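For this one, chain A is given, so just place chain B on it according to the hints.
Residue numbers (my numbering), protein chains in the order written: chain A, 1 to 218; chain B, 1 to 222.
There's no promise every hint is true.
Cut-off 30 angstroms, straight-line C-alpha distance, at most; resulting in silico cross-link-like pairs (DSS-like, lysine-lysine) [stated by the list, open to error]: (1) K105/A / K61/B; (2) K41/A / K61/B; (3) K39/B / K100/A; (4) K100/A / K172/B.
To be clear, the hints were calculated from the coordinates, so they are not data collected in a lab.
Keep in mind the model is a prediction, meaning the values are calculated, not measured.
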Amino acid sequence: MAEDSVKLLGYWVSPYSLKVKWALKLKGIQYQYVEEDLKNKSPMLLQYNPVYKKIPVLVHDDKPLAESLIILEYIDEVWKQNPLLPIDPYERAKARFWAKFADDKCVPALVAAFSKKGEEQERAVKEARENLKILESGLEGKRFFGGETIGFVDIAAGWIGCWAQMTGEIIGIKLIDAETMPLLDSWFQDFLEIPLIKECMPPQDELLEHCKELHTKF
Amino acid sequence: MEEVKLLGVWPSPYSYRVIWALELKGVKYEYVKEDLANKSDLLLRYNPVHQKVPVLVHNEKPIAESTVILEYIEETWPHNPLLPTDPHERAFARFWIKFLDDKSPTLVGLYLTVGEEQEKATKEVRELLKIIEEQGLGEKKYFGGDKIGLADLVFGFIPVWLGVLEESAGVKVTKPDDFPRLQVWIENFRENPVIKANLPDPHQLLAHSKQKREVLLASKIA
Numbered sequence: 001m002a003e004d005s006v007k008l009l010g011y012w013v014s015p016y017s018l019k020v021k022w023a024l025k026l027k028g029i030q031y032q033y034v035e036e037d038l039k040n041k042s043p044m045l046l047q048y049n050p051v052y053k054k055i056p057v058l059v060h061d062d063k064p065l066a067e068s069l070i071i072l073e074y075i076d077e078v079w080k081q082n083p084l085l086p087i088d089p090y091e092r093a094k095a096r097f098w099a100k101f102a103d104d105k106c107v108p109a110l111v112a113a114f115s116k117k118g119e120e121q122e123r124a125v126k127e128a129r130e131n132l133k134i135l136e137s138g139l140e141g142k143r144f145f146g147g148e149t150i151g152f153v154d155i156a157a158g159w160i161g162c163w164a165q166m167t168g169e170i171i172g173i174k175l176i177d178a179e180t181m182p183l184l185d186s187w188f189q190d191f192l193e194i195p196l197i198k199e200c201m202p203p204q205d206e207l208l209e210h211c212k213e214l215h216t217k218f
Numbered sequence: 001m002e003e004v005k006l007l008g009v010w011p012s013p014y015s016y017r018v019i020w021a022l023e024l025k026g027v028k029y030e031y032v033k034e035d036l037a038n039k040s041d042l043l044l045r046y047n048p049v050h051q052k053v054p055v056l057v058h059n060e061k062p063i064a065e066s067t068v069i070l071e072y073i074e075e076t077w078p079h080n081p082l083l084p085t086d087p088h089e090r091a092f093a094r095f096w097i098k099f100l101d102d103k104s105p106t107l108v109g110l111y112l113t114v115g116e117e118q119e120k121a122t123k124e125v126r127e128l129l130k131i132i133e134e135q136g137l138g139e140k141k142y143f144g145g146d147k148i149g150l151a152d153l154v155f156g157f158i159p160v161w162l163g164v165l166e167e168s169a170g171v172k173v174t175k176p177d178d179f180p181r182l183q184v185w186i187e188n189f190r191e192n193p194v195i196k197a198n199l200p201d202p203h204q205l206l207a208h209s210k211q212k213r214e215v216l217l218a219s220k221i222a
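Pulled out of the complex, with its shape left as it was, chain B reads as follows:
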């Protein structure tokens, strides 16, 4: 009897990556909503090192760190593969997954800054999107190739969260004609039936994001 639990928080792109992977593979799981301001004993027991979400618990064995979880899911439930079979292509997918995660301070910087600093952050995010489009995506339909894969789930940050960060920060990073290939990928990503059925409510996300920004900026000035 398989028992799969996912501890997550609703606004988190890291939790969603795992949700999407489980859903794409049709793995049945119990979702446990965590409150990061009041972490459950379960979370502290399952992820004592980082005390963060997401945590996947499979038959009582906990796995933390979203990219580690994604690889675990891929290996444990190999049907509907989310990584290519060719080792070089797999390495390529992993490289881009790491790239996005390494650059997350830049992306979030857009949202955590004001004035001149924000202008600088906006420019940096544009440069990032250019690299992602030209070198990550290239001429491919998905980051992983012909089908949606783990790298796409990680880049799902862009269609779902980047716009929200922009709006709550009162900034627009891209104009409609910018990054045409990335735009096509965004549409393909959003249209995937599994992704479509598992998205955070955009209004709630925006409200949450705006509120969080106010608190973060206030604590910076204080």
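Next up, chain A with everything else stripped away, as it sits in the complex:
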């Protein structure tokens, strides 16, 4: 597939555009990457995602798509190699359930733990830990959510390991610990060690700097 038929509008620190990069890389899809300046959104972004004006946006044959999990499903439907979702409908439902759980429950708690102070932060940390523990149950003792190899949920939620650790460092409170969440902890470590995953990550020191700077604004 020609590179110019697939375009990804993203932002270097965004885990949402990272998910899409991972999916494209896993499937060996050539694409053109366009870095957006979120303080100065391009006319192209505003045209391609008028409803939310956010990244990531995947443009395939000039047709734009937004919302990272929806983009992942699209990629999986169009390019069948290295499938992200399992074949069985019940297993697919479980995968969608956990990807949604990570986005709806783990991420907001993580964001609150990062941005709040005092009692609110304490509550957010507690909630983040509880939800991460629940996410761990979704692994069902497997190495990855996808089984022996990574799949939909791994790509959708694996980034949380890195961001949670970074948040923990910045706020001085550990969010993921090997004692209470041993399987989740190993999963994050194993996932982030996978070469294609590692290759797409933003440079860790720059990411940490960026997050630290962001934290000062709260």
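Relative to chain A, chain B alone:
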């Protein structure tokens, strides 16, 4: 032998989405009425993570979260398809389904607020309806295209519940000439024989909604 059970509550738009999908596909199911003030052991066992309805149980395998259930139904019973075949159109339908769910706090905000806050909420809902009409529906007959689909079932909130929220909150979001294409869609939706045969009783819904609002507002002030 297929065994399909749906745990739901009668006033919930989320339960109805699933009812409509099952009915449109002619899937036989047993409906189990839940009492959210007194959750059954069955519900807690089938949805330990969220302890919410709807939950679909197919041959003892539980599926929770209405949008996940809708996709499961579509994949398990592919006849009378409720999603387009083209991947881009499918993504478009999913986008709008997510849009409505993401904006539900805005819609419900209309109902949970009073005074100035409610005026602000009313304005926000109008803006939402404009986006839905212009960009979601566009010139199409249904959100999914020529036929009713999953996105329409989710937007079914508008014909069935929005009016009830407005009336119980004592507010009117739209005037008769507003959003003409959306109005046509609403009529088409309501006239669909399966939808028509599976609607909550509007009087009961209004009474329930009014009562719930009183309780919610009182707890806010307290």
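Going down the list of hints, with the structure as the test:
1. With a C-alpha separation of about 23 angstroms, the suggested pairing of K105/A with K61/B holds against the 30 angstroms cut-off.
2. For the proposed pair K41/A and K61/B, the alpha carbon gap of about 45 angstroms is over 30 angstroms, so the pair is violated.
3. A C-alpha spacing of about 23 angstroms is found between K39/B and K100/A, which places the hinted pair at or below 30 angstroms, so the restraint holds.
4. Distance check on the hinted pair: K100/A and K172/B sit about 34 angstroms apart at the alpha-carbon level, beyond 30 angstroms; violated.
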